[in-house]
Each structure stands twice: as C-alpha cells, then as structure tokens.
Amino acid sequence: QSALTQPASVSGSPGQSITISCTGAGSDFGGYNSISWYQQHPDKAPKLVIYEVTNRPSGVSDRFSGSTSGNTASLTISGLQAEDEADYYCSASRTSVTLVEFGGGTRLTVL
Amino acid sequence: QVELQESGPGLVKPSETLSLTCTVSGGSISGHFYNWIRQSPGKGLEWIGYIYNGGHIHFNPSLKSRVAISSRTSDNEFSLTLTSVTAADTAVYYCARRGRTPTLAWYFDLWGRGTLVTVSS
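Chains as they are written, first to last, in my numbering: chain A, 34 to 144; chain B, 8 to 128.
Be a bit skeptical, because a hint or two may be false.
To be verified - With the Cβ distance kept under 10 angstroms, some of the chain B side facing chain A (calculated, not the full set):
1. Val19
2. Tyr57
3. Gly61
To be verified - Here are some chain A residues the structure puts well away from chain B; computed CB gaps all over 10 angstroms:
4. Ser42
5. Val43
6. Thr56
7. Gly112
8. Thr131
No wet-lab data here; the hints were simulated from the structure.
Computed from a predicted model, the values in this text were never measured in an experiment.
Every residue gets a Cβ at the ideal spot worked out from N, C-alpha and C, and that includes glycine.
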C-alpha cells in the first residue's frame, strides 16, 4: 500500500489546464524535496517530466510544472494536447529509510 | 547517448528464480545508482532496489528476503535475481538510472524499455 495517493483519473479538453495531486500519508513521509513525476504512454516506459518538485528535465515542455502545498504535491499541465493523454505517477523517497515509492497513478484523458 | 536494455527469460515457473540483466551502453555503469523497478499488468510501479558502484546495494523491504542485485563493471551491466517467484511477480521489469543530484532526492532520469516476465507453469 503506497503512502502516496493520486486520483484515479482526470480529464480535460485541448487547451485547458489540469492538475494532478499526490498526497502523502504517514508520520514518516519524507520531505517533498524528493517529489518527481513520470508520464507513461501505453506499452512504453515511464518518462521523467518533473524532478525535485519543480524542475523540468531538458526536452520536457514548459507546459508541465510542479508544486507543493502542505502535504500535497501537484503536477499541472497547461495548454493540454492530445499527446498528453497518458498515465502519470508521482514518486518520493522516505527520509527515515531509503525507500522509493510511487503513487497509484492517474489516467489523464484529453477529451 | 546512454541507453539501458533489459534482457532475460520471459517465462519463469512458480517457485523458481527470475534472473534479468540490464546492459548500459553509451556510458559507464560506475558513478550512478542503477535500479530495478517493476510494474504488474494494469498496475502501478514498484521500486525493487538499487546498486551503486558494484558494492552499495539496497532493497525494498517488501522484497528484501528474495532479491539480489549484482553488477559486472567490465561488461557495463547489472543484474536482478528474484527467488521463489509466484504469479504475483508477473510484471514488466525496468532498469532505471537515478538522476545525479547533490540532494537526497530520488528520481529516475533514464529507463530501459522494460521486459515482461510471466510466472506460470
């Protein structure tokens, strides 16, 4: 059972913005400086889109952005495009012990 | 350009041992944390463990009793062994590289394409 909770699905129309949340649970949940986000298209490997909460790897569109508020991290995709339709996973590591966890994933549908 | 490629049997019998290898091309295996991550069909991602510079190894506590990770620097590859497999171990297995960072952050900036391993008699 992951300590990271994501909504099962979100949807939006082309051009709109959507936000996917990732909520931590448990008293030993690590600091949010380790939050990362991955995009996964069907039958493909995950692709890093955000690391260390707000950083974008080279080559990732600036339409992707990350943030945190309280015990929740968020991935926002602005100007939705059809190619953004995919599964998105958040990930974080605990500080009490080296353990990398993933959220359950969110299916993004572009209407 | 560094690439990762998983290889190994696609079918393993229950109670037997799963063995996979990840070959790193275009760069050295040294100096990076290399990881195994799996994804059960239709399910989410599960981190299995990592190896760093051949000797520093750490596993997910949920799998620790059945997992081993080793590396062969001369061949630029690292391997996963999972013993006493059951149907629950059926998954796509990925190797992935931890991104370089001066912080304690863990993120994976490079992934292999993944290989499906089915546990079935």
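Do the hints match the structure? See the list:
1. The interface hint given for valine 19 of chain B is violated, since its Cβ lies 21 angstroms from the closest Cβ of chain A, which is over the 10 angstroms cut-off.
2. Given the 10 angstroms rule on beta carbons, the hint for tyrosine 57 of chain B holds: about 8 angstroms separates it from the nearest Cβ of chain A.
3. Contact between glycine 61 of chain B and chain A, as hinted, is not supported at the beta carbon level, the nearest pair being about 17 angstroms apart and thus beyond 10 angstroms.
4. At the 10 angstroms boundary, the C-beta of serine 42 of chain A stays outside the reach of chain B, the nearest C-beta of that chain being 14 angstroms off.
5. Every beta carbon of chain B lies more than 10 angstroms from that of valine 43 of chain A, the smallest distance being close to 16 angstroms; the non-interface claim holds.
6. Distance check for threonine 56 of chain A against chain B: the nearest CB is about 15 angstroms away, which clears 10 angstroms, and the non-interface claim stands.
7. With a least beta-carbon separation of about 24 angstroms from chain B, glycine 112 of chain A lies farther than 10 angstroms from that chain, consistent with its non-interface assignment.
8. Its beta-carbon lying about 5 angstroms from the closest one in chain B, threonine 131 of chain A breaks the requirement of being farther than 10 angstroms from that chain.
The structure fails hints 1, 3, 8 (numbered hints given earlier, in ascending order).
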